[in-house]
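Engineer: Sequences are here, hints too, so could you generate the full structure?
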Amino acid sequence: MSEWLTDLWDGIRTTLIGMRITWRHLFTRSVTLQYPTERWTLPPRSRMRLFMKYEDCIGCGQCVRACPVHCIYIKADRRPADAAPIWAADGTPIKLDVKLFDIDMSLCCYCNLCTYPCPTHCLYMTTEHEFATEDLGKHYYRFAKTDAQFLTTNPKAAAGAVAVAAPGAPQKPEVAG
Amino acid sequence: MASPTQATGGFGWQIEDLDTDEMILNMGPQHPSTHGVLRLELRTDGEVVKAARPHIGYLHRCFEKHAENVDYPGVIPYTDRLDYVASMGNSLGYALAVEKLMGIEVAPYVQTIRVLMAELQRIASHAVAIGTYGMDMGAFTPFLHLLRDREKILDLFEWTSGARLLYNYNWIGGVSYDLPDGFARACRDFLDEFERITHPELMDLLIGNKIFVKRTAEIGVLPIEVGIAYDLTGPNLRGSGASYDLRKDEPYCGYETYDFQVCSGQGRYGPVGSCFERNWVRALEMAESVKIVRQALDRIEKMEHTPVQEKCPKRVKPPKGEVYFRTEAPRGQLGFYVVADGAGVNPYRVRVKSPCFTAMGVFHVLAKGMLIADVVALIGSLDIVLGEIDR
Amino acid sequence: MDFAALHARLAARFGDKLVAVSAEALNPWIVVAPEAIVEVAAAAKDDAAFAFDNLMNLSAVDYPKENPPRIEIVYHLFSYQLRHTLVLKVHVPREQPVVPTVEGVWPAANWHEREVFDLFGVTFTGHSDLRRILLPDDWQGHPLRKDWVDPDFYNGLHVKPPTQMAERVAAGEPLGVGPFDQTPTNRHVE
Amino acid sequence: MDLVYQLATQLYPAFATWPAWLTVTIAVLISGGILMTLVALGPIVYVYAERKISAFMQDRLGPMRVGPYGLLQTIADTIKLLLKEAIFPRDVEKSLFVLGPCLVVTGAFLALVVLPLGSRLQVVDLNVGLLFVVAASSLSTVGLIMAGWASNNKYSLFGAMRSAAQIVSYEIPEILALLTVVMIVGSLSLQQIVWSQAGGIQNWMLFRYFPLMHVAFAVFCLAGLAECNRTPFDIPEAESELVAGFHTEYSGFFFAMFFMAEYTEMFVISVVASVLFLGGWHAPVPAWQQIGPVGLGPAWLVAKAWALILVMMWLRWTLPRLRVDQLMHVAWKVLLPVALGLTVVIGGLLVIPATRDGFPWDPFCFPITLAAIAVPLLRAAFAARRWQARRDAELAR
Chain A
670 MSEWLTDLWD GIRTTLIGMR ITWRHLFTRS VTLQYPTERW TLPPRSRMRL FMKYEDCIGC
730 GQCVRACPVH CIYIKADRRP ADAAPIWAAD GTPIKLDVKL FDIDMSLCCY CNLCTYPCPT
790 HCLYMTTEHE FATEDLGKHY YRFAKTDAQF LTTNPKAAAG AVAVAAPGAP QKPEVAG
Chain B
143 MASPTQATGG FGWQIEDLDT DEMILNMGPQ HPSTHGVLRL ELRTDGEVVK AARPHIGYLH
203 RCFEKHAENV DYPGVIPYTD RLDYVASMGN SLGYALAVEK LMGIEVAPYV QTIRVLMAEL
263 QRIASHAVAI GTYGMDMGAF TPFLHLLRDR EKILDLFEWT SGARLLYNYN WIGGVSYDLP
323 DGFARACRDF LDEFERITHP ELMDLLIGNK IFVKRTAEIG VLPIEVGIAY DLTGPNLRGS
383 GASYDLRKDE PYCGYETYDF QVCSGQGRYG PVGSCFERNW VRALEMAESV KIVRQALDRI
443 EKMEHTPVQE KCPKRVKPPK GEVYFRTEAP RGQLGFYVVA DGAGVNPYRV RVKSPCFTAM
503 GVFHVLAKGM LIADVVALIG SLDIVLGEID R
Chain C
212 MDFAALHARL AARFGDKLVA VSAEALNPWI VVAPEAIVEV AAAAKDDAAF AFDNLMNLSA
272 VDYPKENPPR IEIVYHLFSY QLRHTLVLKV HVPREQPVVP TVEGVWPAAN WHEREVFDLF
332 GVTFTGHSDL RRILLPDDWQ GHPLRKDWVD PDFYNGLHVK PPTQMAERVA AGEPLGVGPF
392 DQTPTNRHVE
Chain D
876 MDLVYQLATQ LYPAFATWPA WLTVTIAVLI SGGILMTLVA LGPIVYVYAE RKISAFMQDR
936 LGPMRVGPYG LLQTIADTIK LLLKEAIFPR DVEKSLFVLG PCLVVTGAFL ALVVLPLGSR
996 LQVVDLNVGL LFVVAASSLS TVGLIMAGWA SNNKYSLFGA MRSAAQIVSY EIPEILALLT
1056 VVMIVGSLSL QQIVWSQAGG IQNWMLFRYF PLMHVAFAVF CLAGLAECNR TPFDIPEAES
1116 ELVAGFHTEY SGFFFAMFFM AEYTEMFVIS VVASVLFLGG WHAPVPAWQQ IGPVGLGPAW
1176 LVAKAWALIL VMMWLRWTLP RLRVDQLMHV AWKVLLPVAL GLTVVIGGLL VIPATRDGFP
1236 WDPFCFPITL AAIAVPLLRA AFAARRWQAR RDAELAR
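Chains as they are written, first to last, in my numbering: chain A, 670 to 846; chain B, 143 to 533; chain C, 212 to 401; chain D, 876 to 1272.
It should be emphasised that the hints constitute simulated quantities derived from the structure, not laboratory data. Fair warning: this is a prediction, and the values are worked out from it, not measured in the lab. Glycine is no exception: its CB is placed at the ideal position from the N, C-alpha and C atoms. Possibly wrong hints are sitting among the right ones.
[Claimed, not checked] Derived BS3-like pairs: lysine-lysine, alpha-carbon spacing no greater than 27 Å straight-line: (1) B:Lys459 <-> C:Lys357; (2) C:Lys276 <-> B:Lys462; (3) C:Lys256 <-> C:Lys276; (4) D:Lys927 <-> B:Lys294; (5) C:Lys300 <-> B:Lys242.
[As the list claims (entries may be wrong)] Anything over 10 Å on all C-beta distances counts as not near chain A; from chain B, calculated: (6) Val212; (7) Lys242; (8) Glu367; (9) Ala384; (10) Gln403; (11) Val404; (12) Tyr490.
Structural biologist: Spelled out as structure tokens, the structure:
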């Protein structure tokens, strides 16, 4: 009998406590963010979409090896010896003519392993995340440009000792987009 | 409750004559409460489950075959996708295994960051575990309250590592990014609000609730010997009273320097080892993790900040050999058995012993004689994630 | 008890059955003859000096290039009372690997052995219900062997991924979004 | 009904000359039809209210997209449900499959006939009104079982079996709780019961025999919750175990019928509860009963019913769900003894002349109950407000 009573009393007491809590939450502010109108800004490090600055790419293929899902494809061949020397933004000379640099974002697993080994930091992840498309083909990004304006003067030599990005921690350049 | 078939027949017939024929009920791959893609083949007589046979493999993504075709750092994004609810723990386990193989000792600052991140991930993972368990019982509100607070942890993770669920944060020999400045203050705000409001509310609203207690406190009782024999680990074993926790007994990453209690089931509302106890241990562990994170934050402020990728080798090529390293993931002991042949860049063999795999192994033992509603409670209390079971 | 004492005690009881030992590895192991594994396991569990009541992990590794090419079944044991670990190994030929099951000693082995059977093809004699655990029941072959080749189709479904976007572009299809010098702004924002 | 009858005779004098059975059926049909359409609009409001309340309780916003603050959401849902194709799975007994939801809906709407919305606003004043209401609500059980059996799906079979057991075993405590009220009033007709509670809040049935009638009200409400399958007794359609119980296979119009039946059943149960215990269409203070010529009877009754519905929704988003055998335990071993004890005690009290019409301290007790309910709620509300303000200040820092 007593066990029946304590069961009954516990049942009522805990139900009332529970109801008090849900009642209290009726008056606290809701946390929903109504997406298309209210929008939250992603922190700068968030890894959303890959972008590659074609002018700085020296075609080394480090990112192709680092990618665990093999979704970066490069085709580059040697620049003819007599062509004008060109440099990347941070002063490394570009010896290869990158014919094709494609990233298949539909395969990419957004792990950001490819941006670290890149010597000229031309490949980095931007915070742009609303690139859903109806056709998978539109996720296949082709970064190779035919009309690229390469730097014909060595920026390192011209501006004296340009502080090259510290080799250790890969500070990601702030994204223009 | 004597099951109907044992009742005596009277009138001289045997009880078998009254036996109703059994029904095979498929709690199929798409079922709202199987925590993922799991098929349970239940032989039921009315509501009572006579025999249960789990079928897994629906989410098998050949992790171990992938691990043989990718280089050592490339495996980390794959380990994140094992137990996708607590992916910080998986990559930490794999990274420590390879570091032990290569003999790398990471700087104390990085170790503290790893402990901080692992414990935050434990709070987030237990929040999902307890929340979905409440939802299986029908209480929908605690689940959303816990998810609301889990979002705050995910914001912290996104702020540091860049991703909200699959972080690829723990690397072999270090972490991918240093903590952003202002992280400590935001983390402390979260901890204060969690300890002051969310945790007590969860205790009152769900765990203290009499209906929840009645639904879970007498079923699925798992004695310790059966737990050890079937290799249950983590909260599933500690719910049965064992106080074995890898963070205390085989400390890694400097866990021995933090003071926290190992919580185990005390049998408050029913026999020790019942479904309630396992869930109760998870609730207590969330509070313990908050303490650890606080200590880690205090240490980080006093410690000198060494660069986080100092010990990251340019090319990870461990010497020939093999190692089996266990870490205390939120769901139990997550073991990585890494075999290196010393020649190639890719690991020769990576075997993951996932805690949910063995937890599911004991399911058919506990499920006999249960009602269907209890089968759902049992799955919820074992807190399984199918990504880790099927690998 | 450290590894040397464990090994000495085991060698005393099963001298000839222990084929090889490696003491200097990170987790030192003992190789046991396949037919003796059940007794060694039972001894490891019941002997008070060992008390290995927990099978942490049972996995298999395929060594096709070693001389005699073999599959290794690895048993990682742990004792909750004495807090020490031990690794046992069994070498089985790659053609018809057969190992007696240790499910009687540690019930946890049930699912591990089913997985090794499923992915490596090692049949465990005396196992209570040896079925494929991860792969569909009518799958041919054992994927985790080193000489495994992905079949193209399984019941009409693609196993190998269909032609990737890159191959189609290489074949000349006009696919993909062209070069853009600036990160394209979010389409929904404006 | 008699209002319609007089109206008809004034408009068309020959109406009175028709045979009696014809005119009465016409009047009942007209008034019943009006009442049914009014009540049928209810679910649209309740679904919206439920989604909004559950949202605010869970710190989210609920439907906001369709119409301002999501007001048109339920209308959009009903249109979608009506337009959706009602799929009949292959080997389903079509006749039972269709008849099930119809019976459930009739079960829910049948009880409307005797509900006294106002002093003269009642379709038919049966002198066995209460018996009729209980009979109607048990009709829907037959519909549930038909639906569960016909959809030829193991889960809905389980759902149907569970709902049959649940509704049958919860009707007994419900009827016993009604019995106490009927004993006090002495008549089964709902209008009589309401008239006996005239004269302000202290004469309401809830506040007579101070602690006992509260217990009777609690027993009746719990049993009413189980009647319309609401948490913590929503086992027949337990999402987490039985996918969706008896209405798993239904889609489109039939699913809408089930939904409407559930919410109408909730409205009927709360109206019956307020008629029996909270003084029906009587205002708490006699002065508020009339504003000028317009009688506020129906408004008060619907307000009380909606308050009870809000409490039902509040319970739904707080409590987990009971298991089937615990459900039976609560019905047979908790509610039934309490209800039986109540009927015996109140029967005895009625016989003793001293306590013929209530305990001596009855008139002073209703402020105690009101305070016991209002004070903690207001305190919790203001505490939440203050915490929210402090929180905003903290975040602004």
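Engineer: Going through the earlier hints one by one, which of them does the structure break, listed in rising order?
Structural biologist: Violated: hints 3, 6.
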